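Guided by the hints, dock chain B onto chain A, whose structure is given.
Number of protein chains: 2
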Amino acid sequence: MLAIGDELILGQKTDTNSAWISDALTARGVRVVEHATVADDTPRLVAAIERLGAAADVLVTTGGLGPTADDLTRAALGEAMGEGLVEDPAALEEIQSWFRGRGREMPATNSVQALRPVSARSLANPNGTAPGLASVIGEGGHACDVFCLPGPPHEMRPMFESFVIPAIRAQAGYAVVTRALHTFGLGESDVAARLGELMDRDRNPLVGTTASLGVVTCRIRYEGGAGTGAGALDGAEAAVREKLGDAVFAADGASDGALARAVIDKLRDRGEQLVVVESCTGGLLGETITRVAGSSDVLLGGWITYSNQMKSAAVGVKPETLDRVGAVSREVAVEMAEGGLAASSAAGGAKHALAITGIAGPGGGSDEKPAGTVWIARASAGAPTDVRCFRFRGGREAVRRWSVNAALGMLRLELDAVQTSLLGQIEPAVNPVI
Amino acid sequence: MLAIGDELILGQKTDTNSAWISDALTARGVRVVEHATVADDTPRLVAAIERLGAAADVLVTTGGLGPTADDLTRAALGEAMGEGLVEDPAALEEIQSWFRGRGREMPATNSVQALRPVSARSLANPNGTAPGLASVIGEGGHACDVFCLPGPPHEMRPMFESFVIPAIRAQAGYAVVTRALHTFGLGESDVAARLGELMDRDRNPLVGTTASLGVVTCRIRYEGGAGTGAGALDGAEAAVREKLGDAVFAADGASDGALARAVIDKLRDRGEQLVVVESCTGGLLGETITRVAGSSDVLLGGWITYSNQMKSAAVGVKPETLDRVGAVSREVAVEMAEGGLAASSAAGGAKHALAITGIAGPGGGSDEKPAGTVWIARASAGAPTDVRCFRFRGGREAVRRWSVNAALGMLRLELDAVQTSLLGQIEPAVNPVI
Chain A
5 MLAIGDELIL GQKTDTNSAW ISDALTARGV RVVEHATVAD DTPRLVAAIE
55 RLGAAADVLV TTGGLGPTAD DLTRAALGEA MGEGLVEDPA ALEEIQSWFR
105 GRGREMPATN SVQALRPVSA RSLANPNGTA PGLASVIGEG GHACDVFCLP
155 GPPHEMRPMF ESFVIPAIRA QAGYAVVTRA LHTFGLGESD VAARLGELMD
205 RDRNPLVGTT ASLGVVTCRI RYEGGAGTGA GALDGAEAAV REKLGDAVFA
255 ADGASDGALA RAVIDKLRDR GEQLVVVESC TGGLLGETIT RVAGSSDVLL
305 GGWITYSNQM KSAAVGVKPE TLDRVGAVSR EVAVEMAEGG LAASSAAGGA
355 KHALAITGIA GPGGGSDEKP AGTVWIARAS AGAPTDVRCF RFRGGREAVR
405 RWSVNAALGM LRLELDAVQT SLLGQIEPAV NPVI
Chain B
5 MLAIGDELIL GQKTDTNSAW ISDALTARGV RVVEHATVAD DTPRLVAAIE
55 RLGAAADVLV TTGGLGPTAD DLTRAALGEA MGEGLVEDPA ALEEIQSWFR
105 GRGREMPATN SVQALRPVSA RSLANPNGTA PGLASVIGEG GHACDVFCLP
155 GPPHEMRPMF ESFVIPAIRA QAGYAVVTRA LHTFGLGESD VAARLGELMD
205 RDRNPLVGTT ASLGVVTCRI RYEGGAGTGA GALDGAEAAV REKLGDAVFA
255 ADGASDGALA RAVIDKLRDR GEQLVVVESC TGGLLGETIT RVAGSSDVLL
305 GGWITYSNQM KSAAVGVKPE TLDRVGAVSR EVAVEMAEGG LAASSAAGGA
355 KHALAITGIA GPGGGSDEKP AGTVWIARAS AGAPTDVRCF RFRGGREAVR
405 RWSVNAALGM LRLELDAVQT SLLGQIEPAV NPVI
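For the record, the sequence lines run as chains A and B. Sequential numbering from 5 applies to the first sequence in the numbering used here. Sequential numbering from 5 applies to the second sequence in the numbering used here.
So here's chain A without its partners, still in its complex pose (with noise of 0.2 Å):
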């Protein structure tokens, strides 16, 4: 994967084009082995497309498609190819359709788009004025198909489809497939020594390990005769689970969200709604459950109860409680997730209620309540009501995001009536305290 521009090269745009398209080719069993950044510089651009087109068998590029001076694919591509550039008049005449559908003539720079290296081919754009290339570059009998597409993600994403899945050639009898198992309430470190030789690099299935907020997420990958793999994975994923237990909330999709997600589907399951009480989260917990789509079968609502007067308005915890051992307490959290659930009756009634109260920092901390103290309380109708204190480490959006998924994975206890000494055990950066 090769991305192009400058904006990229000076981090004012994060590429996306190459994780998209590395998980597209992935999960139709392509290794991708490398991905490069690099500006609007054509001297740079030719070496990075010699030097991927020498190293791979497909190489894809984003960017460097427009009609401005500083975009430069098409030239660099020719330079690379040792060809000069022709007008392509199919790709002129669909540029040109394309600004007359909207009613304007096509300005005189956007004819550079129709340029192509003479034995390149145009590849249409249904969604843009910039056409893709596609070609063969190689030496030595090495042969390397170069597939040049726009950068604008919803330009690129449909080209990628119709141009470049069509022309990946499936390696006859070999497939790559892959399984992912996400945890919570270990850390990276226990994980792994649990799953000891399992993580061993010369394995097939190969079993590696990632952490992002406390989800530990176990991926393992396959590669070998077609038909082969389900088994294998099959295989691999009891021996993960045997070693790691209750601590496997979910299997399968990103580590982002999959929290939230397997929270949602197992209230789903059981019919059962949630309300939640924010403080130093101030509306991520609601964002995170609702940035699940269908999450409005689950999720009644909730209050952010940022300030002490809304603690006491909105879901009735005590000004004296306040006063007594402060916002940032057991008592406090106590009483926002019990209030939350008795003032969702007047909505029609939450079976759990989740709390956060605590100190997300830089400001607010002190030397008994250290900035990343945060409370978390779960109550359920019917239920022992469960109350923890983390101190998170890493800065205010960290210790926000921890807090999160911290409240998720307490609810994720109660819903798979898992043993509770399993949040005890996280780190490095959720350490509870009592």
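A few of these clues could be false.
Which copy is meant is left open, so a pair is good if it fits within one copy or across any two.
[Claimed, not checked] Quick list of in silico lysine-lysine cross-link-like pairs, DSS-like style, CA-CA up to 30 Å:
(1) Lys17 - Lys270
(2) Lys373 - Lys322
(3) Lys247 - Lys355
(4) Lys247 - Lys373
(5) Lys355 - Lys270
(6) Lys322 - Lys247
(7) Lys247 - Lys17
(8) Lys322 - Lys355
(9) Lys270 - Lys247
(10) Lys17 - Lys373
Worth flagging that the hints you see were computed from the coordinates, not collected in a lab. Since the model is a prediction, treat every value here as computed from it, not as a measurement.
Showing chain B alone in chain A's frame:
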């Protein structure tokens, strides 16, 4: 920049570190030439370190410093340096003390994190167990400073500030200085048309634009003799402000969160408080505001009225209004905002309320109200309520994020007493239908 990890190469995670580091380096006058990403694979890692080390003066790697078998950066750096690994006693002590501080013994697996190539230096990581590495590689007279940092951004960023920034040698007598002006209410092409020749690519200061969720930021960049920058920037800023007028709401800082920071500062200056009432954004507006440290001065709290029952129970939206015109309507948006303002009196009373109700999608739309239809209302004590309908595009996440910015933009119009026609001009994704 070299980002390391199977999860990046497989497209399971997007590399945001390279853009963040590039932005920080560019701001300090360093020219970034390439980003590369490779898998957890020692030969590929060694080859990438050697290639990039030969091409650049500074190489920053991220990732691959964890305690497990797929963390290979330490070994690859050693191989590229032609050196074996030794255990760094100070680094080991830091890792052990990190665990002790959490009431635990260091698992034996973590001791590998204290390894470093013989002549490399360990870099302390205050937020995790992975120390970084610093070394010099090179041959034939070329030397490249290599910094290996951990992948998690909250660990990487402070280490980048502590170790990489001080090592960058400023070019004597030469400076690159930048300034940013943030606008809301104009589309990027409107901004470009107004700026005209100010955006010519051969000017110094150079003016460029970037657009993110309705915030169009003009970045002014000057390169030249040290000491001459401030005056040049002042002149360019005055010229830009003259062209863009009321659309400019703030200067400097990142585009992300710029609207929230500006609104919080203006409210604080006026001693006024805000409440939020969120349906389709589910907490994202509150989250966006409270992501800013110090927002507790101005955010009293809010309600996540995700279900119709919560809309009625929490802020008094009339059930007959919901029955008659539906939850996504002018009337319900107004009742949410005015009801939130009224309900806030029990908590001491806010001056302003922002309410959002819409169809984030992908489901829930109809011909009359397609996914992306969002009604937003601002109610303020002693001022007429402002209510608008938007049609956002780009999927669930984009619709939610545009909604939050449009709500903050509506409040900003009131706080700055700006002509309200501005929001009628946002494009492409914002399209008020009233």
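These are the hints, each one checked on the structure:
1. Taking CA atoms no more than 30 Å apart as the test, Lys17 paired with Lys270 passes between copies only; the shortest distance there is 25 Å, against 37 Å inside one copy.
2. Taking the shortest Cα distances, Lys373 and Lys322 sit within 30 Å of each other inside one copy (21 Å), while across copies they are farther apart (43 Å).
3. For the homomeric pair Lys247 and Lys355, neither the shortest alpha-carbon distance inside one copy (32 Å) nor that between copies (56 Å) is at most 30 Å.
4. In the homo-oligomer, the alpha carbons of Lys247 and Lys373 never lie at most 30 Å apart, since the shortest distance is 36 Å inside one protomer and 50 Å across protomers.
5. With identical chains, the CA atoms of Lys355 and Lys270 are at most 30 Å apart within one copy only, with a shortest distance of 13 Å there and 40 Å across copies.
6. In this assembly of identical chains, Lys322 and Lys247 lie within 30 Å of each other by CA distance neither inside one copy nor across copies; the values are 45 Å within and 54 Å between.
7. Only between protomers do Lys247 and Lys17 lie at most 30 Å apart by alpha-carbon distance; the minimum there is 25 Å, versus 40 Å within a single protomer.
8. Proximity of Lys322 to Lys355 under the C-alpha cut-off of 30 Å is found in both arrangements, the shortest distances being 22 Å within a copy and 25 Å between copies.
9. With identical chains, the CA atoms of Lys270 and Lys247 are at most 30 Å apart within one copy only, with a shortest distance of 23 Å there and 55 Å across copies.
10. Proximity of Lys17 and Lys373 under a CA criterion of 30 Å is satisfied in neither setting, with 34 Å inside one chain copy and 33 Å between copies.
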